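S.K.: The residues making up each chain are set out below.
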Amino acid sequence: MKNAINKTEAKITKNKLAMLLISSFFISGAALADDDDCTDPVSEWQPREQLRQIMEDQGWKVNRIKVDDGCYEVKGVDRKGNRIKATFSPASLKIRELKIKFDMSGDASDYLDLGTPMTSMQSESNPSQNKQKNKPKVTID
Amino acid sequence: MKYLTMTLCFFCFFVMSNQTSARKITLTTELQNYSGDGAYLAIYLTNAKGQYQETLWIAGQKSKYYKHLTGWARGSRMRTSEYDGLTGASVTRGKTLTVTLDLADSYIDSGFQLKIDTSVEDQRDNRNDVVVPLTTAGAGKPSAGRGYIKAFTYVL
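First to last, the protein sequences are chains Z and B. Be aware that the first sequence starts at 6, since it is given in the working numbering, and climbs by one per residue. Be aware that the second sequence starts at 3, since it is given in the working numbering, and climbs by one per residue.
Among the hints, a few may not be true.
Label-pair restraints from in silico Cβ distances [what the hints assert, rightly or not]:
| # | chain 1 | residue 1 | chain 2 | residue 2 | range |
| --- | --- | --- | --- | --- | --- |
| 1 | Z | V47 | B | P144 | 55 to 61 Å |
| 2 | B | T137 | Z | K140 | 23 to 29 Å |
| 3 | B | R79 | Z | Q55 | 27 to 33 Å |
| 4 | Z | D146 | B | D86 | 22 to 28 Å |
With a cut-off of at most 20 Å between alpha-carbon atoms, the simulated EDC-like pairs for lysine to aspartate or glutamate come out as follows [claimed, not checked]:
| # | chain 1 | residue 1 | chain 2 | residue 2 |
| --- | --- | --- | --- | --- |
| 5 | Z | K71 | Z | D45 |
| 6 | B | K64 | Z | D45 |
| 7 | Z | K142 | B | D111 |
| 8 | B | K64 | Z | D115 |
| 9 | Z | K142 | B | D107 |
| 10 | Z | K142 | B | E32 |
| 11 | Z | K99 | Z | D146 |
| 12 | B | K97 | B | E123 |
| 13 | B | K64 | Z | D42 |
| 14 | B | K69 | Z | D83 |
| 15 | Z | K66 | Z | D115 |
| 16 | Z | K142 | Z | D112 |
| 17 | B | K97 | Z | D146 |
| 18 | B | K66 | B | D111 |
| 19 | Z | K85 | B | E84 |
| 20 | Z | K90 | Z | E49 |
| 21 | B | K69 | Z | D112 |
| 22 | B | K69 | Z | E61 |
| 23 | Z | K90 | Z | D41 |
| 24 | B | K143 | B | D111 |
| 25 | Z | K142 | B | D86 |
| 26 | Z | K140 | B | D107 |
| 27 | Z | K85 | B | D86 |
| 28 | Z | K140 | B | D104 |
| 29 | B | K66 | Z | D83 |
| 30 | B | K26 | B | E123 |
| 31 | Z | K140 | B | E84 |
| 32 | Z | K104 | Z | D83 |
| 33 | Z | K99 | Z | E49 |
| 34 | B | K69 | Z | D45 |
| 35 | B | K66 | Z | E54 |
| 36 | B | K66 | Z | D74 |
| 37 | Z | K85 | Z | E61 |
Taking beta-carbon pairs under 10 Å as the criterion, some of the chain Z residues facing chain B (in silico) [unchecked claim]:
| # | residue |
| --- | --- |
| 38 | D112 |
| 39 | K140 |
| 40 | P141 |
To be clear, the hints were calculated from the coordinates, so they are not data collected in a lab. These numbers come from a predicted model, not from an experiment. Every residue gets a Cβ at the ideal spot worked out from N, C-alpha and C, and that includes glycine.
Generate the whole structure from the sequences, applying the supplied hints.
M.R.: Quick look at the structure:
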């Protein structure tokens, strides 16, 4: 009788262990699903060629476009020769992440306007600093 | 009352000084009737030594072709900050591009030059298609271009 009770207790603890293992697996799985993933429905995805065209219009050279975590991941070189890695939403083609390696030049003028605080301090005597940024009126007849 | 007069004086001075610092300029560029696609144009200012100062207008929207506007590309180093908000459509043959903008007074009659570089797909690039000194005397007088430009006139 006592043996039978011991056996059922052992069975219950085994079942509990298995349940615990399975539930921990699901929890860790949930934790691995990152916030950075793209969740656009596949039916709304834009073609890769369109993204390539957008990048090339910016003067970037595209080496590779792959799908990672539901997003388009682009590797290439910007127009100044810096290596870039960018992530885009596949439906809207909006940029979500951008990594740039400024290897040689260290010229970040395309991305950061580092000269801004200085120009506001320049005197008006130098006309080149006195730039007119009003939008011109343009017609083609 | 005294304060009011002084404030008004300051206000008037401020408004007047602002008005005199910039002047409206209209740049009219007429293209030749060449055979080919729409032309890309870079209209920019250089000093008397030919050093790049400022971009006035870029006709042509694809930045990957801007390197063909060679003089401008070298001067501006094709920085987006140089041409942000100053780009538009390319100009087809026989058409006239008219650009009206505010220009700092200090550029006029001070030895600065207006330059235009042009380029057409699969055809030659023209650095300095037009080069004219920016003077009040030269305003309204048409200048002939060397490449795709038939005539260029600026009016102050």
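S.K.: Now tell me if each hint is right for this structure.
M.R.: Quick rundown of the hints versus the structure:
1. V47/Z to P144/B: 55 to 61 Å: For V47/Z and P144/B the Cβ distance comes to about 59 Å; the hint holds.
2. T137/B to K140/Z: 23 to 29 Å: 26 Å, holds
3. R79/B to Q55/Z: 27 to 33 Å: Once the Cβ atoms are compared, 29 Å apart, the range 27 to 33 Å for Q55/Z and R79/B holds.
4. D146/Z to D86/B: 22 to 28 Å: 26 Å, holds
5. K71/Z to D45/Z: The hint holds at about 15 Å.
6. K64/B to D45/Z: 29 Å, violated
7. K142/Z to D111/B: Not satisfied, since the Cα-Cα distance of roughly 24 Å exceeds 20 Å.
8. K64/B to D115/Z: 16 Å, holds
9. K142/Z to D107/B: Given that 20 Å is the threshold and the Cα spacing comes to 19 Å, the pair holds.
10. K142/Z to E32/B: 16 Å, holds
11. K99/Z to D146/Z: 35 Å, violated
12. K97/B to E123/B: With Cα atoms ~17 Å apart, K97/B and E123/B stay inside 20 Å; holds.
13. K64/B to D42/Z: 32 Å, violated
14. K69/B to D83/Z: Holds, because 15 Å separates the two Cα atoms, which is no more than 20 Å.
15. K66/Z to D115/Z: Roughly 15 Å separates the two Cα atoms, so the pair holds.
16. K142/Z to D112/Z: Measuring from Cα to Cα gives roughly 32 Å; hence the hint is violated.
17. K97/B to D146/Z: Distance of about 6 Å is within 20 Å: holds.
18. K66/B to D111/B: 35 Å, violated
19. K85/Z to E84/B: With a Cα-Cα distance of about 16 Å, the restraint between K85/Z and E84/B holds, given a limit of 20 Å.
20. K90/Z to E49/Z: 23 Å, violated
21. K69/B to D112/Z: Holds, because 18 Å separates the two Cα atoms, which is no more than 20 Å.
22. K69/B to E61/Z: Given that 20 Å is the threshold and the Cα spacing comes to 14 Å, the pair holds.
23. K90/Z to D41/Z: This hinted pair holds, its Cα atoms lying about 15 Å apart.
24. K143/B to D111/B: 15 Å, holds
25. K142/Z to D86/B: Holds: K142/Z and D86/B sit about 15 Å apart, inside 20 Å.
26. K140/Z to D107/B: 17 Å, holds
27. K85/Z to D86/B: 18 Å, holds
28. K140/Z to D104/B: The given pair, whose Cα atoms are some 9 Å apart, holds under the 20 Å limit.
29. K66/B to D83/Z: The given pair, whose Cα atoms are some 11 Å apart, holds under the 20 Å limit.
30. K26/B to E123/B: 32 Å, violated
31. K140/Z to E84/B: 13 Å, holds
32. K104/Z to D83/Z: 11 Å, holds
33. K99/Z to E49/Z: Holds: K99/Z and E49/Z sit about 13 Å apart, inside 20 Å.
34. K69/B to D45/Z: The hint is violated at about 37 Å.
35. K66/B to E54/Z: 17 Å, holds
36. K66/B to D74/Z: 31 Å, violated
37. K85/Z to E61/Z: 13 Å, holds
38. D112: Interface hint status for D112/Z: holds (9 Å vs cutoff 10 Å).
39. K140: At 6 Å from the nearest chain B Cβ, K140/Z passes the 10 Å test, so the hint holds.
40. P141: Interface hint status for P141/Z: holds (4 Å vs cutoff 10 Å).
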